[in-house]
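For chain A, the structure is supplied; the task is to place chain B on it using the hints.
There are 2 protein chains.
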Amino acid sequence: MKIQSLETFDLRFPTSRTQDGTDAMHTDPDYSAAYVILKTGGGPQGHGFAFTIGRGNEICAAAIEAFRHHVVGLTLNEITEDFGGFWRRLAGDSQLRWLGPEKGVVHLALAAIVNAVWDLYGKVEGKPVWKLLADMTPKQLVSCIDFRYITDVLTPEEAFEMLDRLARTRSDREAELLRAGYPAYTTSVGWMGYSDDKVRAACREAIAEGWTHFKVKVGADPRDDTRRVGIVREAIGPTRTLMVDANQRWDVGEAIARMKDLSQFNPLWIEEPTSPDDVLGHAAIARAIHPIGVATGEHCANRVMFKQLLQAQAISFCQIDSCRLGGVNENLAVMLMAAKFGVPVCPHAGGVGLCELVQHLSMFDYIAVTGTMENRVTEFVDHLHEHFVDPVVIERARYMLPEQPGYSTEIKKESRDHYRYPDGPVWSA
Amino acid sequence: MKIQSLETFDLRFPTSRTQDGTDAMHTDPDYSAAYVILKTGGGPQGHGFAFTIGRGNEICAAAIEAFRHHVVGLTLNEITEDFGGFWRRLAGDSQLRWLGPEKGVVHLALAAIVNAVWDLYGKVEGKPVWKLLADMTPKQLVSCIDFRYITDVLTPEEAFEMLDRLARTRSDREAELLRAGYPAYTTSVGWMGYSDDKVRAACREAIAEGWTHFKVKVGADPRDDTRRVGIVREAIGPTRTLMVDANQRWDVGEAIARMKDLSQFNPLWIEEPTSPDDVLGHAAIARAIHPIGVATGEHCANRVMFKQLLQAQAISFCQIDSCRLGGVNENLAVMLMAAKFGVPVCPHAGGVGLCELVQHLSMFDYIAVTGTMENRVTEFVDHLHEHFVDPVVIERARYMLPEQPGYSTEIKKESRDHYRYPDGPVWSA
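Residue numbers (my numbering), protein chains in the order written: chain A, 57 to 485; chain B, 57 to 485.
Just so you know, these hints were derived from the structure itself, not from any lab. Any given hint could turn out to be false.
Treat identical chains as interchangeable: a pair holds within one or across any two.
Here are the computed lysine to any residue pairs in the SDA-like style, where the Cα-Cα straight-line distance is at most 25 Å [said to hold, decoys possible]:
| # | residue 1 | residue 2 |
| --- | --- | --- |
| 1 | K183 | G141 |
| 2 | K195 | E310 |
| 3 | K316 | T207 |
| 4 | K316 | D208 |
| 5 | K183 | L234 |
| 6 | K195 | D307 |
| 7 | K316 | G98 |
| 8 | K396 | D307 |
| 9 | K396 | E310 |
| 10 | K183 | P478 |
| 11 | K316 | F203 |
Excised from the complex, chain A in its bound form (with noise of 0.2 Å):
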């Protein structure tokens, strides 16, 4: 099973037509997929992708195309018999690391690369990645990870030893997902750019769907804020939760500042209060606005990132995101870390495609790394799901576990041909 090529394509979807995805910061998202397909002649593919928004999205393709001499020409077993080797040659190739290192445009490359991996993985075993990852012994998981840079937090023996631990109930876990599916919360109801009534409306809706969290992007005017706050507190009712996003809108002070005011609507977190790079200012945020919590990840460029972020309990909620931390592999490591030190994974969805990913190791988090559902919710966003050979399921408010060998990753062809920026029809129309 030898990778003969990689193809790439800058898929994207005109979602700043509709608003949709809107928050303070990006007002015009274009959801896309820098997208790879690694083909083994014959065989299954493997298709993975970065998620961007829109202008940049041929970069971050061209930067999966600089990562060719590191993937082409190797079998999957040469990749998967040392997974955190393969991992580390690609984070630390001599030259392309000076890009990052380990941060943004050669970041997501190397995420869209190893989630191609992972797909091919998957369905060269028959198996959604998430049981393929269930089914690994503790050692090879922990094999998966590179550990540099953090040893200092989590060891491959500690590692190994909090996998084992879980290891003979496993099966239990996996019944009562198929049973009942994973919890997830929305933030459809309550994007920047919607209008007061349209916000109603979507709460309405999401109550009768049975959605029990929901999320609200701040950020903007703070009287506007409170009262778009104010709105959804009302339509969803004391007993339901909401939480709010600013998406690195404030500074420090302001964050508190803002964060007094709305603390009257009860949220359970304040996600994104500042720049995504400051982890002591997310902890002085926390420390000024408990007990509501602080919650980050999204732009969370690395595993040293959330390291930081747990040691200096700057967060309440570690938001692993499928595509900007280095693929399955790296998201283990920030998972581990997290179970380290107690606080909960609830993972950055949406997009085009995140929440088709990040399902798999929501559920691999419950079965082997913690055990446990409590006060663990998966962000889901009701977008661009048709466009998935394997798209998710939702029912009442709960993923539900994938079926289907691999990552979830494709895209249908169809799709593919039709959103392909800048000549498919959708663009050059």
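Quick look at chain B alone, frame taken from chain A:
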């Protein structure tokens, strides 16, 4: 003076062929410039670049292209009358920021463009950039800075006061620089790929030239490190200053253990002991190895990361980089924060052109930000200066004041043609 077009170039110098510039992580660097020219239609041109080390330089050039819509069509005056606002429009582009934000390839590209604007600005005003800065009022300087995410440490009002305090005595220090230049140190004696004999010969030569501060690469096999650092200490004698640089090779615990050993050679600082993202790790190392200082910055992504390195007392030396940070403007913010914390700025340089640019910043730091050269040295590497229209002048281990208008960024036309990748004669041959 309207910017009518933007042209990018992928320039690469085959430095890996001679092992110049090699370190523990970057074993085969081809020093490269993602280069941009801003053309004004017959008037002066602004030249700028970001530095990379080979593969991926094309991605950086593509990222410069992606910012075109923020630059082309503006007059120089429209930019400089609200330079901080211009900077924020680039850093905050509502779609491109997803690829960072403010880090990796998009931030390098931003730096290239901003540097080109300063070059143009200097040429139009007929002044080298250090002098252009030195002639600005405190108010003008403050207006160049985007204070987003740093107001918890430095407000515009504080920055104004700091600059105002030294404003009236600037000319004294200009005269002193003209007389004596700015102190430098050499990294050219201790590249990782050099043989022991080559290191000894380079030390002898450097001492003869008047150098007093010498930096050596470490992070390889511990016994090799000890031997090589010992060779340099022996060659330079007990009174000259030695620094060591691990280029991110170690985990936190390993860094502490290795420096306990290398402390026998009395180094002034350990540079990049671990991941450039690990603020808390650097702080732990700094506490453990005191009085040896920790230095970092060449991979420090932005002002938010520098802010935290200062807040956490993680660094004793602040190594700004003219092309990693977002150009002159963001470097101003970091120099002011470092001054507030009493941490000396000792810039990273070397590569291709980094010495040419950063000398302007060191000199401005002395003239207007701190008023002192004590404990300050700017890196110097004797590579590739011959390709510049206005190369650095070093005399007895000190940078002499640049005199030509602009930012010393311009690479000669014949060098641009010769080293263009992949079609210049150096690469196509």
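Verification of the hints:
{"no.": "1", "hint": "K183 - G141", "result": "within (23 Å within a copy, 51 Å between copies)"}
{"no.": "2", "hint": "K195 - E310", "result": "between (46 Å within a copy, 24 Å between copies)"}
{"no.": "3", "hint": "K316 - T207", "result": "between (37 Å within a copy, 19 Å between copies)"}
{"no.": "4", "hint": "K316 - D208", "result": "between (35 Å within a copy, 17 Å between copies)"}
{"no.": "5", "hint": "K183 - L234", "result": "within (15 Å within a copy, 71 Å between copies)"}
{"no.": "6", "hint": "K195 - D307", "result": "between (43 Å within a copy, 22 Å between copies)"}
{"no.": "7", "hint": "K316 - G98", "result": "neither (59 Å within a copy, 56 Å between copies)"}
{"no.": "8", "hint": "K396 - D307", "result": "between (30 Å within a copy, 19 Å between copies)"}
{"no.": "9", "hint": "K396 - E310", "result": "between (31 Å within a copy, 22 Å between copies)"}
{"no.": "10", "hint": "K183 - P478", "result": "neither (35 Å within a copy, 43 Å between copies)"}
{"no.": "11", "hint": "K316 - F203", "result": "between (39 Å within a copy, 23 Å between copies)"}
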